[in-house]
Amino acid sequence: MIQGLKTSFNSLKKDKIPFCAFLILFTLYFLIIFADFFAIYPPTYANRSLAYQPPSNVYILDKNNKLQKPYTYNYTKTFNRETLSIEYKQKRDKKYNIKFFADGYEYRFLGLFKTKKHLIAKPDNCNLFLLGTDINGHDVYSRLFFGGQISLTIGFLALLISFPIGALYGGISGYLGGRVDKILMRIAEAIMSIPSFYLLIILSSILPSNMTSKERFALITAILAFIGWAGFSRVIRGMVLSIKNADYIKSIETIGAGKSRIILKHILPQTSSYIIIAITLSVPSYILAESGLSFLGLGIQLPDASWGNMLREAQEFANIIYRPWLLTPGFLIFIAVLSFNVLGDKIRDMLDPKTVK
Amino acid sequence: MNTWVYIFKRIIGSIPILFIVSLISFFLIRLSPIDPLAQLKLNPAISEETIKKETERLGLNKPVIIQYTIWLKNFLSGNMGYCVDNTRVSTKIKHRILNTLLLSVCVIFFSWIIAIPLGILGAVYYNSLFDKILTVLSSMGMAIPSFFFAILMLLFAQKTGWFPLGGLTSVDFFEMGLLDKIIDISKHLVLPVFVLTTISLSSLTRQMRANLLDVLNSEYVKFAYAKGLVKTKVILKHAVRNALNPIITLLGFEFAGLLSGAALTEYVFQYPGLGKLILEAVMQSDINLVMASLMLGSFMLIVGNILADILLKLTDKRVKI
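The listed protein sequences derive, respectively, from chains A and B. Under this note's numbering, residues 76 to 432 are what the first sequence spells out, in order. Under this note's numbering, residues 3 to 323 are what the second sequence spells out, in order.
The following block holds chain B by itself, in its conformation from the complex (with noise of 0.2 Å):
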């Protein structure tokens, strides 16, 4: 099949799968008991009126399914409302998407280059003094909790002074040079990088130590051995493409991961990413806020899937798809 035509299916297909979701949030969050005027209706300078008046603008005094369609409506047509604060939702998120996928991106970068040489050189040299460090530190950096962690890494540039504590940006960046703003925010994105690479290295390096040896094993190395071929060529050139192919898979799994563990971090370092609107969105029950949010989540965690799965039938070419 093309692989245009296979991308095609595959976003028609997610189509479904996207309203399925956006039915399943919406109900869920139009549970919650939190009122999301709660914060007009103690302030006693504000009227009635102007409560009335929101209530209306907010669409709350209509049953739930009627809202539903209100914002369906809206969403399909690209308008995902206003925000409780009168924002428009899409000025807030589009920058803290850009965000989330920078800090992502940056993360599935040095850990697929850090994590492959690992995974290879635990494998070879299967059961060794470095294979057995390698497989504690892995075990250790998936036991630490995201969080706790990101707050060990902002106490160590509390003490050292060698990394901004926090943000995204410093409080003069709109005064800097295109240089020094690239600077900038490197020095800021160093340490959430930092953090959640640590954990999805370490599952990555066992996943590819793990696949290499089941290769490793297998006859047709064997007899590359055999004919005589030098050990860095029948790793690299044979035994190293076919362990990769699973990992590729994982590379879709890995982004939803990263959506999720990244916004535990992005909280703790104040990182103006996904996570954390969808966190502060929630815990003002702002409805258009979380719907966009969580509607834009599960579509590049979809995307994520099908370009893994794209990718996949470029390296290996007797997938079919």
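For reference, chain A alone in the conformation it holds in the complex (with noise of 0.2 Å):
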């Protein structure tokens, strides 16, 4: 198992594209789970006084372009009589030293023991915002860790629920046949021919609204996984029909094996190459949906944050014209699907017999 592994990860490393992908996924899962430590401003820190603050530019010249550590500067808010619109302007009196390995807010750094130590911290009476702020005065550098959090393994946990059930669902209909067979493909049809994001909208209206986030967060999973599983069954079963006519699978009923066992034990495992090009394909389609939810308003929500709902203020015209920096989790999802499309493809080509070397 781990010489295959090995085997297989010097095969990625021969192929750049492939393996830039691989580092950049790599990179982001890392970037998520010490997402506390990088972040500077606490999950729920929001500050409205401080709203659509404009990203706080980072310089290391002084004026008379030397090499300095690296500071910024804080803005002076103001509102505009004549254009009716609030104003940042840059205050250039006092320079505030950015702090690395310094002490901010304290957390538990992977949940095991307490400490206050951040990448970058914040120094005192700095409003330190690197990627700007949002309209309630939240942190849209540190929310993206936050928000990758949720948009990166959402997608992987609906997958371990509709995989499975999937699988199951296919290798009975294939197994048993007949009228069994004629009903339960029926009704993954049935699921299949709803265009999946009209369902998708229809199951998240459903939820209620007083739901704690981590029960929304368990319902939203719930439900993407609910739109997958139909169409995997159907290719699994088709599978199913061609292995069960196989001699030994003939050979194991007559030893008098249980219908559940057989499918289970002797059916299904044979279809695991294919489930496993399957789920790497469709974690993308999954952040994508789980994104588009979101951006809905229906998905993930505040005081939450997930890739997709930190981009439902670009809904507002205004804030794409004057609030360009809003739209960095765009640019994320991007990368991030990017990069499991061309890692997929390059596993689908190690998996699959049929590629052409």
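None of these hints come from the bench; they were simulated from the model. Because the structure is a prediction, the values reported are computed rather than measured. Glycine included, every Cβ here is placed at the ideal spot set by N, Cα and C. One should not assume that every hint holds.
[Stated by the list, open to error] Each pair of labels, with its calculated beta carbon distance range:
| id | chain 1 | residue 1 | chain 2 | residue 2 | range |
| --- | --- | --- | --- | --- | --- |
| 1 | B | S49 | A | L377 | 35 to 43 Å |
| 2 | A | I396 | B | G179 | 27 to 35 Å |
| 3 | B | Y127 | A | A126 | 48 to 56 Å |
| 4 | B | F111 | A | D424 | 31 to 39 Å |
| 5 | B | N219 | A | I410 | 27 to 35 Å |
| 6 | B | Q160 | A | Y163 | 17 to 25 Å |
| 7 | A | S326 | B | A228 | 41 to 49 Å |
| 8 | B | F29 | A | L377 | 24 to 32 Å |
| 9 | A | L377 | B | N4 | 56 to 64 Å |
| 10 | A | K164 | B | T162 | 26 to 34 Å |
With the hints as a guide, bring the two chains together.
As structure tokens, then:
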């Protein structure tokens, strides 16, 4: 097993582009695992009086173009009576040196022990927002990490639910055949013939609004899982139909093995390489579905962050034009999905014997 | 089998599926905690009596199964009922469906016209610089979230001023002549079509390229070369025709993907299509409207699949249906 992983990792290393994708994903997951360490503000931080502050510019050169420790300035907020808008202006009278590996808010490191150390800590009295703030005065930079924790894991969790269900459903339907097969497949077809995003919207609208964020996360995962299993079960059923006529299945039947044992222990393992390929190729679509749902306000909701619901602000046209920093989560979704696609293709090439070498 | 008999059989076969769809979706929507009359109840100017009347008109006081049978009976007789705001569902939905169909047909047309030549070139010049660039671009096209792409396009439209910002028609649409009307609509269509085409184009190009690569490795292509046929003739006349077949099967799936993908794009562009309608309806728990748009969406999907199968039959004589 370990040897196998090693050889496949080596073959991955040879191909530059998939290897880059692998490194990007590794970095992204590393960042979200240690989100609290990289974040500057706690996940619940919100300061309404600093809404829509532009990103704090960080400088490393002083007036005489000499290299300095990174520093930044504060903004002052003024109300412009003519345009009736709030304007932020940089206040150049006091420099704030940015602190590294310094104390910030307290958190539990990986849930193990309490610490205050952060990669970047904000200087006292300085409103350091590296990527600006949103309408509630959330720090966009810190929330990118916490949002990633949800956006990058929810797809995997949904897959872990939907694929076993789909495999079992397809296995039972294919192996038993006859009337059971007909009824089971009609139901799967019915679910497949509802445009999936419509079904997603309807399911999410059922969720009551007074749930805790953990419950909501679990239910959104379940909903995402509910969409994918039907199409998958049909493919598995097709494979099972051809496997079940194999001689070894016949011989197991003669020995007298039970139906559930045959399906679980002898038929479904035969489909495993297809299942692995299908899983890696469908992670991106789950990530995209979650972000779309949260973008519409039906998925993960405030005060929790996800990349999709952070983009919700981009629904307002003024925000896209005057506050482009709010669009950053979109680029992260793009990069994550792109890396998953590239890596998924590579894994398929490695596992699929049909691929031309 | 005769094609007409086949179509007839498929349509009959889709009826139980549509029935299950309606059953699943009706009970799902009724589980929703949103009160369709919440807005009326909050309005102090509306009396208790009106609310009672509305409850009865919408059938909200009856058990869910009875509500479903009433809905089913009405739906089968062609009456899709009324929306919460008392307009007929059928009038509201008619334009939306046409708009969504217009959008989808444009997207399918453009993505096919562009994707197939690109896929062919990618396969023929396998591993060349062009092929590599194509692979990178198509993976990027598949990775970008449709709504985010739409937002970026809106930003582009605003900065350049070349295209209108969303919607399908301008404010003074009804005073225009026919030619102006067509120009106006096409101007509004450019961005949504561009966004959706880019996304479906990417996967289609990859499929076409992969299929053609498979075919180019087959024996009969080698044989055609050995006979001394010209390269272009081998590729266009023999290889491409066979590589096209699996793509045609994809057409049905693509249509399904479009209906889903279009919902978010329609939402961002404020395009008056079915996806945006169903979103609004779900937010208000407007059961008649949701049911009607769901049923029609599913129906369109099934029809798309049937069409794809028939098309496959027409292009490939070996396929028995």
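Going through the hints against the structure:
1. Judged by the Cβ atoms, the range 35 to 43 Å given for B/S49 and A/L377 holds: they are separated by roughly 36 Å.
2. Remark: the range hint 27 to 35 Å for A/I396 to B/G179 is upheld by a beta-carbon distance near 33 Å.
3. Evaluation of the 48 to 56 Å hint for B/Y127 and A/A126 yields a pass: the beta carbon distance comes to about 53 Å.
4. Here the CB-CB span from B/F111 to A/D424 is close to 32 Å, well matched to the stated 31 to 39 Å.
5. Taking the beta carbon of each, B/N219 and A/I410 are about 34 Å apart, inside 27 to 35 Å as hinted.
6. A hinted range of 17 to 25 Å for the beta carbons of B/Q160 and A/Y163 is consistent with their spacing of about 22 Å.
7. In this structure the supplied range 41 to 49 Å holds for A/S326 paired with B/A228, their Cβ-Cβ distance being about 46 Å.
8. At about 30 Å, the CB distance of B/F29 to A/L377 agrees with the hint of 24 to 32 Å.
9. Take A/L377 and B/N4: their Cβ atoms lie about 59 Å apart, and the range 56 to 64 Å holds.
10. Taking 26 to 34 Å as the suggested C-beta distance range, the pair A/K164 and B/T162 conforms, at roughly 29 Å.
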